[in-house]
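Trainee: Here is how the chains run, residue by residue.
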Amino acid sequence: MATTDRARTLVSDVDLRSTRTRILYWLVFSVLCLGAVTTVVPLLWGFLSALKPTSEIFGYPPTFLPKPAARPWEWQWGVYAEVFGGSQFVRYFWNTFLLAVGCWVAAIVPSAMAGYALSKLRTPCKWLLLLLFFMTLMVPFQAYLVPLFLTVRDLPLVGWNLMQVFAGYPAIILPAGVSAFNIFLFKSFFDDIPTSLVEAARIDGASEAGILWRIVLPLSYSVFAVVSIFSFMGTWNDFLWPLLVINDNQWKTIMLHLYQYDLQGDIGKNKVLAALMIASLPPLTLFALFQKRIMSGIAMTGVKF
Amino acid sequence: MKVQTVARRTPAGARRGFVVPLRRYGLGLAFLLPALLLFSLFSWWPILQTFIISFQDYSLDPSVPSRWVGLENFRQVLIVDADIAATAWFNVILFVVLGLIVGYFLPVFLAIAINEMRHGNSFFRIAYYIPAVLPLVVVTIMWKYIYTPEEGLLDSVFRWVGLEPVGWLINKGTAMLGLVLMATWKGAGATMIIYLAALQSVPQELYEAAELDGASIRQRIRHITLPQILPVMLILAILQIIGTFQVFTEPFIMTQGGPARGTYTVLMYIYDKLLREYNYGQASAMGLLLFLVLVGLTVIYSRVTKRLGR
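Line order of the protein sequences matches chains B and Y. Taking our numbering as reference, the numbering of the first sequence is continuous, increasing by one, and the terminal residue is 305. Taking our numbering as reference, the numbering of the second sequence is continuous, increasing by one, and the terminal residue is 1310.
In case anyone wonders, no lab produced these hints; they're calculated from the structure. It is possible that part of the hints are untrue.
[As the list claims (entries may be wrong)] Lysine-lysine pairs mimicking DSBU-like chemistry, simulated, CA-CA at most 35 Å apart:
{"id": "1", "chain 1": "B", "residue 1": "Lys292", "chain 2": "B", "residue 2": "Lys271"}
{"id": "2", "chain 1": "B", "residue 1": "Lys269", "chain 2": "Y", "residue 2": "Lys1172"}
{"id": "3", "chain 1": "B", "residue 1": "Lys67", "chain 2": "B", "residue 2": "Lys269"}
{"id": "4", "chain 1": "Y", "residue 1": "Lys1172", "chain 2": "B", "residue 2": "Lys271"}
{"id": "5", "chain 1": "B", "residue 1": "Lys271", "chain 2": "B", "residue 2": "Lys67"}
{"id": "6", "chain 1": "B", "residue 1": "Lys292", "chain 2": "Y", "residue 2": "Lys1172"}
Kindly produce the complete structure, drawing on both the sequences and the hints.
Mentor: Have a look at this one:
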């Protein structure tokens, strides 16, 4: 019953020959199944409740399937199309994509460059730089939320108000480039690329740009992938900071839209649920596509987005 | 090793005027420039400013200079606003404690159990991880509907099986628990993945030796598995506490801090000071207090990680 390539864990196959352990095993298995039901059911409930009238969503007795009498193809599937096509929904979708692309560039480029410099290039006072970057890891952005808000409102030296430039997007994109965590992630990854490899290329006359482009980057695909996925998920799901800095309703993100959509009393809650489900699709798709990489990324970095 | 030699050579190079260092370090500095610029503007400067604005009556108008007010902002948020501020801190600490009670050991159990599963192993990983993929706003709104008193899914089910409806979010006693349950539902899967990774590094020989010595499964968990993943458990406990201190979105959307401020958090207080009262000095003062708590926790965190040599 066990596969042979499985690493030996707590309970061995020999243990499982005893009836008592076998019973325990299947007991734990059933508990896990039950638990899995509780993680999946609310999501499924949301998905199916979008197809019910509001009175049925909040009704007694509770129903799981919409209008149990009707066949699945008679359910109100139109609500999904209606919500997606309705008013500005697609626009908010694109807004968020646009923002995510901006934040992605900001999250990747400066951090990768800094990580490369700290790992493979000569820099003065390296220990001081490392310390300065490292310090910021200790302070989550919520702790300096207020000064950060005032900073993007009145940028030091130049005095620009980033919240009034392009609907406040720069106020989200530029701070997205601040991640000591990403810098260290890139640095430790570049550290693993043998310096001898880089030096050999240098001796062969490759330019620094050529070394970076032809040798280092092709070897670092996985770290770029992890940072990219986390960056997209982070931007897509972010709420507090966009709530603070985006003032233009036309340019709000999908999460801000969901928040306001739910507060509009005259809208059927089934429509809100449909909107919630549609807004979850990009992260879910990303997860489906990169499931292994995301899970190993979390295990590798210890960070959940 | 290479990195260290370069670092040690640095001061010697720096002493020889400007041209040599520029040739020597130019490229490195150029590569660091974007990050240094962004960090100066959006990290180091705001962090520094926390310590300035908190002691000022901050003025947005450049023609009216900000006034130094000493500890006035702290007096406001700690003494004048005492009941609200105390409620906010109490709630956050309650959230932390409940969160640890309800949600701390669950991922440990899930990881150990799933790691043993010969059947449906990857199904379980994905099923428990799915809530973590969903956006927090989506989860919060959905659970708000599920928690709706009397008519929501949960209360309906309670009534259906013959229990009293709880009215989760309208009672002061259960509103916080409702938030914690949701947070656990959302967060347990991701934490579980980290524990699963930690379990892979438990040396197999330990289990083999223990099994040969006739240790029962329970003894193996107690004397091998748990001690081996203890460092990770400690780190995740502190990370969970740090994360919970900053909780905002869940109560903001689900309960607006109610009922009767029963779920009002520190960050919601800062938000109100910032966007409702436009009192930047007081908002910043409260932020500084949060800052100190979080830095304190982070210092403990780095002590723990260092001692455990990760």
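Trainee: Take the hints in turn and mark each one as holding or not.
Mentor: Hints, one by one, checked against the model:
| no. | hint | verdict |
| --- | --- | --- |
| 1 | B:Lys292 / B:Lys271 | holds (33 Å) |
| 2 | B:Lys269 / Y:Lys1172 | holds (25 Å) |
| 3 | B:Lys67 / B:Lys269 | holds (16 Å) |
| 4 | Y:Lys1172 / B:Lys271 | holds (30 Å) |
| 5 | B:Lys271 / B:Lys67 | holds (17 Å) |
| 6 | B:Lys292 / Y:Lys1172 | violated (42 Å) |
Hint check: a violation occurs at hint 6 only; the rest are consistent with the structure.
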